[in-house]
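A.B. asks: Those protein sequence lines, which keep their order, are chains A and B.
If you're matching positions, the first sequence starts at 1 in my numbering and goes up one per residue.
If you're matching positions, the second sequence starts at 1001 in my numbering and goes up one per residue.
Think of the hints as simulated: they come from the structure by calculation, not from any bench.
Treat the hints with care, as some may be off.
Incomplete in silico selection of chain A near chain B, CB under 10 Å [what the hints assert, rightly or not]:
#: 1; residue: V70
#: 2; residue: R74
#: 3; residue: Y171
Pairwise CB distance ranges (calculated) [what the hints assert, rightly or not]:
#: 4; chain 1: B; residue 1: T1002; chain 2: A; residue 2: N147; range: 27 to 33 Å
#: 5; chain 1: A; residue 1: E173; chain 2: B; residue 2: E1034; range: 27 to 33 Å
#: 6; chain 1: A; residue 1: P181; chain 2: B; residue 2: R1050; range: 22 to 28 Å
#: 7; chain 1: A; residue 1: G31; chain 2: B; residue 2: E1034; range: 23 to 29 Å
#: 8; chain 1: B; residue 1: P1072; chain 2: A; residue 2: A137; range: 22 to 28 Å
#: 9; chain 1: A; residue 1: A75; chain 2: B; residue 2: N1032; range: 24 to 30 Å
#: 10; chain 1: B; residue 1: Q1004; chain 2: A; residue 2: A75; range: 32 to 38 Å
#: 11; chain 1: A; residue 1: R98; chain 2: B; residue 2: P1052; range: 22 to 28 Å
#: 12; chain 1: A; residue 1: I101; chain 2: B; residue 2: E1034; range: 35 to 41 Å
Covered by chain A, per the in silico footprint, the following chain B stretches (three or more residues, Cβ under 8 Å) [what the hints assert, rightly or not]:
#: 13; stretch: 1005-1014
#: 14; stretch: 1020-1029
#: 15; stretch: 1044-1050
#: 16; stretch: 1058-1069
Using N, Cα and C, we set each Cβ at its ideal position, and we do this for glycine too.
Single-letter residue listing:
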Amino acid sequence: MKPHEPADDDARPVSGLEQSDLELVKRAQRGERGAFDLLVLRYQHKVIKLVARLLRDPAEAEDVAQEAFVKAYRALGSFRGDSAFYTWLYRIAVNTARNSIASRQRRPLDYEADLSESEQSAVESRMRHNDTPEAAALSEEIRATVNRAVEDLPEDLRTAIILREVEGLSYEEIAAAMDCPVGTVRSRIFRAREAIDRHLKPLLD
Amino acid sequence: MTDQIREQVSALLDGELPPDEVGLLVRRMERNRELRGAFGRYSLIGETLRAPGGLVASPAFAARVSAAIDAPQGVQPGLRRPAASARARWGRPAFAAAIAASFALIAVIAVQPFAGREAAVVAAHTAAAPSGSALGGEASPTPARSQRLAGYLVAHSQFSSPIVRQNVWSGLLAADPGLSRVSYETVEGP
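With the hints as extra help, turn the sequences into a complete structure.
C.D. replies: What follows is the structure, given as structure tokens:
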């Protein structure tokens, strides 16, 4: 696999998020494992969603996503920042998912399987059906909890978090839109997240 | 943990933390599980608001990735299914050599009643590892020798099918009950 993307433009504009990723990548390249752990935490949900869509098998999505992150870590030395880190990571995830699909298609030749093909299929089907409702229920519970918590926020916090997370505005742009200092935006977004987190954390513990 | 630090975590997630504050915070987060948890949940909040529905990572996912990175290459702890690379094992060139060695062992076991136990053990050793090691001349194999023989068996049979493995084990145990004292796990370990 070739992880590099050709540089689109030497003066490619870099968002604050990309800049932050790049900072974490550089630290991880210097051996700071904690920096890579943060990149995993930042992109785990996106990568799992992407892989699940490609595989059409939620039961396998986390395994493949895990493999993709490990590959990304091992190839991190070759990442030069020609593209955004998440673009590079998504490419690795897509390739890993493709390999998994190809491997799945080869499974009838897997002599290590002790089950007949029909038994294997039944087990996999049970795994899917056992995993999916639980995962779907948790996902739905998270969605409902987050939405309820956002609705309950004071208007200034709700506006700040929506402009940041949904519209993708920078703190400076939000400050201009809300006519307040950047420091206030940073504080409002933090307080909004804390308020939502008080409802979310018990679900995940 | 102060709100000030958690506010820094929130700003880091948005890429809005001043660069000179990043290093200290990253090191702090490396030591502080609660801060990492907050970072992960803040990220989940954003993901849920942007793209509701679909799968989300299980709470232990990031820890599993971290453990997998620390594991030796080719080993992926925490996987619920074998890794694709393990499934592709049959395509490796080493497979041909391994299966040949397994058949050599079977042949040796088959001639054991006629050639005598000691000759069989020596022949098995020669077939599986031409570089060889010293084997004693006692009529009955010692536990150490049994362990070595089992080691060769495991090393070669990990590439073979379950049926071949079972046949080889049955033959070997019948010929040398001492081998039952040597567990598969013991000889497979580092």
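A.B. asks: Each hint: holds or not?
C.D. replies: Outcome of the hint check:
1. V70: holds, 5 Å
2. R74: holds, 7 Å
3. Y171: holds, 5 Å
4. B:T1002 - A:N147: 27 to 33 Å: Since the Cβ atoms of T1002 of chain B and N147 of chain A sit about 29 Å apart, the hinted range of 27 to 33 Å holds.
5. A:E173 - B:E1034: 27 to 33 Å: holds, 31 Å
6. A:P181 - B:R1050: 22 to 28 Å: holds, 26 Å
7. A:G31 - B:E1034: 23 to 29 Å: holds, 24 Å
8. B:P1072 - A:A137: 22 to 28 Å: violated, 36 Å
9. A:A75 - B:N1032: 24 to 30 Å: Holds: the Cβ-Cβ distance is about 28 Å, inside 24 to 30 Å.
10. B:Q1004 - A:A75: 32 to 38 Å: Hint holds: Cβ distance 36 Å, inside 32 to 38 Å.
11. A:R98 - B:P1052: 22 to 28 Å: holds, 27 Å
12. A:I101 - B:E1034: 35 to 41 Å: holds, 38 Å
13. 1005-1014: With 7 residues in contact (Cβ-Cβ under 8 Å with chain A), the coverage given for the stretch 1005-1014 of chain B holds.
14. 1020-1029: holds (count 5)
15. 1044-1050: holds (count 7)
16. 1058-1069: holds (count 9)
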